[in-house]
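Number of protein chains: 2
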Amino acid sequence: MATWFLTRATATLTSSSRIIRTLGTSCNFFGKWTYETNNCGSLRLEHVGKRVCLTGWIQNSRMDQKFVVLRDGLGIVQVVLPDNGNPVEEDIERYKALPLESAVCIEGTVTKRPDGQVNRKMATGDVEVVIDKINMMSKARASLPFYVKPGNEALEELRMRHRYLDLRHLWLQSNLRLRSEVTNKMRSFLLSQDLVEVETPTLFKRTPGGAREFIVPTKQKDKFYSLVQSPQQFKQLLMVGGFNKYFQIARCYRDESGMSDRQPEFTQVDIEMAFTDAERIRGLCEALIKSSWPSSVPSLSDTDQFPKLTYAECMNNYGSDKPDLRITNSIVDLADFLKTCKSDFATSQLAEEKYVKALVFRKGDLPGGGLTKNQLQFLNTIAKEKVESKGWNAMTSYFTFDGVEIKGSLVRKLTGGDQKSMEKLKSSLSLEEGDIGVMTVSEQKTAALESLGAVRQHMIKCHMNLDPHNFKFLWVVDFPLFFPDGDKLESAHHPFTRPHEDDAHLLHDQPLKIRGQNFDLVLNGQEVGGGSMRIHDHEMQRYILEELLQEDTSLLEHLLEALSCGCPPHGGIALGLDRIIAILCKSRNIRDVIAFPKTSEGSDLMSNAPSNISDADKYFYHLK
Amino acid sequence: MATWFLTRATATLTSSSRIIRTLGTSCNFFGKWTYETNNCGSLRLEHVGKRVCLTGWIQNSRMDQKFVVLRDGLGIVQVVLPDNGNPVEEDIERYKALPLESAVCIEGTVTKRPDGQVNRKMATGDVEVVIDKINMMSKARASLPFYVKPGNEALEELRMRHRYLDLRHLWLQSNLRLRSEVTNKMRSFLLSQDLVEVETPTLFKRTPGGAREFIVPTKQKDKFYSLVQSPQQFKQLLMVGGFNKYFQIARCYRDESGMSDRQPEFTQVDIEMAFTDAERIRGLCEALIKSSWPSSVPSLSDTDQFPKLTYAECMNNYGSDKPDLRITNSIVDLADFLKTCKSDFATSQLAEEKYVKALVFRKGDLPGGGLTKNQLQFLNTIAKEKVESKGWNAMTSYFTFDGVEIKGSLVRKLTGGDQKSMEKLKSSLSLEEGDIGVMTVSEQKTAALESLGAVRQHMIKCHMNLDPHNFKFLWVVDFPLFFPDGDKLESAHHPFTRPHEDDAHLLHDQPLKIRGQNFDLVLNGQEVGGGSMRIHDHEMQRYILEELLQEDTSLLEHLLEALSCGCPPHGGIALGLDRIIAILCKSRNIRDVIAFPKTSEGSDLMSNAPSNISDADKYFYHLK
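In the order they appear, the protein sequences are chains A and B. When you read off a place in the first sequence, starting at 1, and then add 57, the result is the number in my numbering. When you read off a place in the second sequence, starting at 1, and then add 57, the result is the number in my numbering.
Check before you lean on any hint, since a few could be wrong.
A pair counts as met if it fits within one copy or between any two copies, since identical chains are not told apart.
[Stated by the list, open to error] Distance condition first, Cα-Cα at most 25 Å in a straight line; then the derived DSS-like pairs of lysine-lysine: (1) 420 with 441; (2) 278 with 681; (3) 89 with 347; (4) 365 with 89; (5) 441 with 411; (6) 430 with 483; (7) 206 with 153; (8) 123 with 107; (9) 518 with 365; (10) 280 with 675; (11) 420 with 347; (12) 420 with 545; (13) 420 with 483; (14) 464 with 347; (15) 242 with 347; (16) 276 with 675; (17) 681 with 280; (18) 379 with 441; (19) 396 with 464; (20) 441 with 643.
Hints in this document: simulated from the structure, not taken from any laboratory. Remember, it's a predicted structure, so these values are computed and weren't measured experimentally.
Taking the hints into account, I'd like the entire structure generated from these sequences.
Below, the structure is given as structure tokens:
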């Protein structure tokens, strides 16, 4: 059968692909579901002597030395013509006719490389495959948009336009294979814990609050589906419906074109449980992450619990609700220092309600021993941009300490050069020679903190040279439930989040003071998950939606009714799968872990989607 | 923590849900991720004496006997008040205040039921749980749309409107839990065979041919995505891209509202492999199905290969390309009988190019020993409807054999009462007393066959009382590649299907004679999968698209270009997951295996999706 098939499968109507180049006389394939017996990248000394069938693409060829490099999705191996083969000359001619990136199937024997030809840089560098047959399965055309070689990387736009070629890069192969591994380890773990995977619809109805949702016209005039931004409503309805432990690796949609590093569709690990509490949900989540850790990435400590900080602690210490804990630098409050400042500036303009904060970086933590003046000035820019983007007021300046003097415009302004204040500042910040920092003064505590938070993030990204495979997880809890939004309120998480039990009495009078029972999972400064306990009481849910958020509850009557049918306490979490995989792959962009990503504008450069549609389609969907 | 939480979690701002009814004095929950220690349905004699915490809903209560039936997603158990508890009177009052379908958490001890009270109809009927605490988590309102009890099934429309209640039915719980089990066994098997799960986009561009695709407007005027009807293009591009063994449990979309038992979104098990052949793909698929068989369903024989029939064999024998092989009845060709017929009708109107076919059902296979006259006449109707719906010409009539005479209008017409012809017919059909059948005469072979195929299907559905858990799989191969469609051709499978290698020479001159390398998987008369080898040669693909199918290839330039970059031979299959699960669940409608299904018109009766959208949204998407 297999012999028959080869002849058939490779014969086509066109002469260009009718070619079968066979160095031997017959063709046999040995693999179980596919032709190959081994992966190119898996061959080692232990395979020497084994007859193998390999499939893949020709990555390199050196005709003079009669070898090619064959690549499949898992690695490369060197393939050579037999030294005493027959007819050698003809074979070499055939070899030369193989265009790079053609798909071939070869048969041969694994051989130890001659001494001196071992390649320590290749995983398969101890061996080579001496071939007796090479079957051209599909010839690549003469000139490809780019070639698939390490270090030969084309511009991203060209790669995206020809993603089918780009995907042959072993680093992308590795990313997507790791994604498959992790996703399915997650599944296995959740199933082992008796969670049930339930598929929920993506064609639904708008959920108030949250991101913009794509709409889908139907053949009924003026009737549209919305593409769900998450399975939130469905998973809550499943809790009402008796599926106490649910999960889904769910495709979600948000129309956020123009936001960098966002995709119109993305994947989340969606979990919900009933008859439970936030602590248990976080516990499950930690166990999930530990159990699904990929084998190729440095392991997490199995025993450590993820640390937990309140929102207030995060803001006060790190100026961010998703601090990167790979560095320990935290914001110092300089209220005591301020009291020692006798300058006109300090005494005239700064009353007790002003906030003075600073963030210091130690000389020893800065690769290269320090920052240039331009780099230091740029820290000011970062802080100022943050302040301005929010419409706040704050003064910021960097400072340096040369072992003797703390230099910096704001330091000078505050101290007026007073030695006692300088000493106080030095001791407050534990400054040592070569340390640098940024100081902010503002009436608004948030402005003082977040501007330093921005500086902290910039330092990590640009100057600290941190190991991306040092993984620092963090739970952030006790967020405010609402933020002010003009004369109404806005949900900090989403409108279904349950108030903190200690604060529920504030719901009618002081809703802005209520903490929510939501929690974020942060990894190396990026939010990778968000969860909460949900409101399971229909009257409370209605009050929050109608009175506080002023939402149109007619869109949610089905949910409100469901809550009145005996809805157990429940909560859950959604993990951003793309983001987690990107971090595991040491990639800054989720496009590197998505097989066919779109641009930040939502375009597929390969197919040119989105595109025009026919008038007939427009007519059918009442768009004309 | 747990103690603290209970008090908190169940206290709300509204008096109606502030209630915690506790029969003891303290509350402790023991479960790991959720409160319960055991599932209601899992308790057996071996648990007697164990202290348990159970969560669920109150399904029944008999106050006079001081017991309730508690139900979770996995079963029910009887829960009773202690005989010598204290304070008993107050407890009973509290018990009486528990509305049915309220969510509760109880603590108690598993006890053997007193002799004479064992309930053999309940899986937990040997035991009951004597409680010391009952915690009201969430009270159901007084009057629910329907109650969740066996045999108390509401109309489908009401169930759909309140799907969150409907889902509490144990049979629906069981269906969806089986779905999770099977899906994930499939995943595990495919991963174990080194297939890689790759997520592909659903927001894409129209693929020519196939079903109507939903469109999704974007903020760019006149630019639309299409929702993919399958990952077909992407999986082929993955083959070009070096992912030789791919699978995905993929959400797909088709705008087919109005077709019964179809959903606008559905799930398929999508598989594609490169450097392989059709036989290997079918082999993988059989192994997949056998390995993912659910534990609760009668097993398939592990050793049997699925039978394989050609399209021509299926049509000739069963009048259908998806025959149900649970019965062996096949169509008999009566050409020889026709030669013996001397009637005016037979000799005048029937030339050699006419087809006479019959299908017989044995008396012993008909429950009740036979069909009524009305039922027999309805067989004619079924056959005629099929013929008329296709615009064919054919005569059909049923016949009966009473042991002496074959009665039927077409029999009479053909034989003219001639005894020799009758005898010939009797022996051709091996008729025995009580057998019945249908006979057709047509110039069109297809009409003669398919009308009988429709009768066969009707008999199976309405009269044969077959075991839905007798599973008969079948591969159908060697379909025609094209069907005629006016002056052009239409793909029988899809435009990417590779011609049969023996027929490829017919591509230019006799395309209608070409068989395709596609194959269907049929289970008990339903198509549950379709696969093919694909065209991996860009010139052949372009020729078929442009010349034969007259499609606009501008929509597919990216695929055509990809095929020229060294695309290996490849093929794959898509299994209809919803359909397979429905058959495993003995359900005729896929709605029974989907958590939140839509009507055949595409409506979600629960939320009223699809619905109106705001003018702002219309403006944003240039629809106004």
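Okay, the hints, checked on the actual structure:
1. 420 with 441: within (24 Å within a copy, 91 Å between copies)
2. 278 with 681: So residue 278 and residue 681 pass the 25 Å test inside a copy (11 Å) and across (13 Å) alike.
3. 89 with 347: between (34 Å within a copy, 17 Å between copies)
4. 365 with 89: between (50 Å within a copy, 20 Å between copies)
5. 441 with 411: within (17 Å within a copy, 90 Å between copies)
6. 430 with 483: Cα proximity of residue 430 and residue 483: one copy only (21 Å, versus 106 Å across).
7. 206 with 153: This pair counts as within: shortest intra-copy Cα distance 19 Å, inter-copy 75 Å.
8. 123 with 107: within (21 Å within a copy, 75 Å between copies)
9. 518 with 365: within (23 Å within a copy, 60 Å between copies)
10. 280 with 675: Intra 14 Å, inter 11 Å, cutoff 25 Å: intra and inter.
11. 420 with 347: Close neither inside one copy (35 Å) nor across copies (64 Å); limit 25 Å.
12. 420 with 545: Intra 47 Å, inter 76 Å, cutoff 25 Å: neither.
13. 420 with 483: within (15 Å within a copy, 103 Å between copies)
14. 464 with 347: So residue 464 and residue 347 fail the 25 Å test inside a copy (46 Å) and across (75 Å) alike.
15. 242 with 347: both (10 Å within a copy, 22 Å between copies)
16. 276 with 675: Classified as both; 10 Å inside a copy, 16 Å across copies.
17. 681 with 280: Cα proximity of residue 681 and residue 280: in one copy and across copies (15 Å, 14 Å).
18. 379 with 441: within (20 Å within a copy, 70 Å between copies)
19. 396 with 464: within (19 Å within a copy, 114 Å between copies)
20. 441 with 643: neither (30 Å within a copy, 66 Å between copies)
The structure fails to meet hints 11, 12, 14 and 20 from the earlier list, while all remaining hints are met.
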